[in-house]
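> Put chain B on the given structure of chain A with help from the hints.
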Amino acid sequence: MGFWGLNLQIIKMLDKNGIAKRIAQEVKDGYYVNLGIGIPTLVANFVRDDIEVEFQSENGILGMGPFPFEGEEDPDLINAGKQTITALPGASYFDSAMSFGMIRGQHVDLTILGAMEVAENGDIANWKIPGKMVKGMGGAMDLVASAENIIVAMMHTNREGESKLLKKCSLPLTGVGCVTKIVTNLAVLEVTDKGFKLLERAPGVSVEEIKEATEGTLIVEGEIPEMAI
Amino acid sequence: MINKTVRNVSEALEGAHDGMTFMLGGFGLSGIPENAISELVRLNLKNLTCISNNAGVDDFGLGLLLQKKQIDKMVSSYVGENAEFERQMLSGELEVELTPQGTLAAKCQAAQQGFPAIYTPAGYGTEVAMGKETREFNGKMYVLEEAYKADFAFVKAWKGDKAGNLIFKGTARNFNPVMCGAATITVAEVEELVEPGELDPNQIHIPGIFVQRIFQGKNYEKRIEQRTVRQKETL
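Listed in order, the protein sequences are those of chains A and B. Numbering follows our numbering, with no gaps: position 75 of the first sequence is 75. Numbering follows our numbering, with no gaps: position 212 of the second sequence is 441.
Bound-form chain A, shown alone (with noise of 0.2 Å):
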């Protein structure tokens, strides 16, 4: 029962790789778009290869291209991250401010950002937890308050099994009323004027479980989808 039961568990939610591609498919052709560290890199990986797409990091960078070749690497040419990467072929260099100007501007079409806690009214938390570190915000304030468009990458629940899509946040938010849609490893959700909107189950997850797994308003309508990835 063991064995059986833990690669049930396996198969049926999405890892970070499967959050990831989902999350790929809605990246459209022309679209600039702006990654957060963590499942949001990802994402990366999974965008077809048949449109047109421009990442953007927030340190100054348009046209981001994949890690360097051993060897290869410049310690003038970073991402948001720290870490080391290539510019593509039409990609330009700019200072913080003009970055943050196309983000503050709406230039940048769609932002992806992992979070600790979504709210049912859009508000995000994923910067501070009192009583540890605070490591900063980095650019995460800037993006949500600014971009039309903003997809939270993360875990149903924390690691306790707590819910992470709450009615209301409990951590020191990083801005209001601005996340629009979350995908997480168990779904699709939208963010409503009423709440939660399930759109999409993860393959073999029922809407039961995902009931469950969510503390906020979960609004079901009609039959809810499994992803198609």
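Treat the hints as calculated values from the structure; they're not laboratory data. Even glycine gets a Cβ: it sits at the ideal position worked out from N, Cα and C. Treat the hints with care, since some could be wrong.
Now the in silico label distances, taken between C-beta atoms and shown as ranges [to be verified]:
(1) I229/A - D301/B: 46 to 56 Å
(2) G309/B - D50/A: 34 to 44 Å
(3) K275/B - K16/A: 42 to 52 Å
(4) D50/A - K275/B: 58 to 68 Å
Quick look at chain B alone, frame taken from chain A:
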């Protein structure tokens, strides 16, 4: 040409003293003014306020000033990579003002361009906006953020000429251009200092008017914080 060159880093830092507020360019360890930081360590200036997006790592960048307890207050957006920083912050020795990254850039640029303050949506409804004036424009809420005031701005460029014109390289540009002219004295250190006329005026990122002192930097280490590579595909 108005000559902005100084002979070396110690001449560049003349007038810097205890208790001052400094801006330092760089993102992570990329594009940091390594020579100015070394000189600040050597001078052992104390009770400093440093405005810089990050605070270096334990043994490089602003971490070197933290090791010697030279900094009283840090204004940054992200300070995650530094154990000594964490220790001083938790013990209360170090005051930390966390500011959203785009707001940090805007507050520097406001000082550069003569705006006393700017409105930004970043941080509205969060603890960052506490005690600050907020205002609605076109149905959206904004927070009033005041321009920074600093005594010195230390920036690092790739190339510069004796007139103080600067060109930056790659993502080492980051906060450096927005700090130029945002302090009473802007000190630029460059990897390559050339004669006026050698840089194409079309390619200048920062005109020399924003720079008071420029010098040829030495011994750049340019440390990489996160070395990430991919494997060559085998055919």
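> Run every hint past the structure and note whether it holds.
Verification of the supplied hints:
Hint check: I229/A to D301/B, Cβ distance near 52 Å, so the stated range 46 to 56 Å holds. Under the hint 34 to 44 Å, the C-beta atoms of G309/B and D50/A, about 38 Å apart, fit the expected range. Taken as a hint, the range 42 to 52 Å holds for the pair K275/B and K16/A, whose Cβ atoms sit roughly 46 Å apart. Judged by the Cβ atoms, the range 58 to 68 Å given for D50/A and K275/B holds: they are separated by roughly 59 Å.
Every hint, counting from the list given before, is met by this structure.
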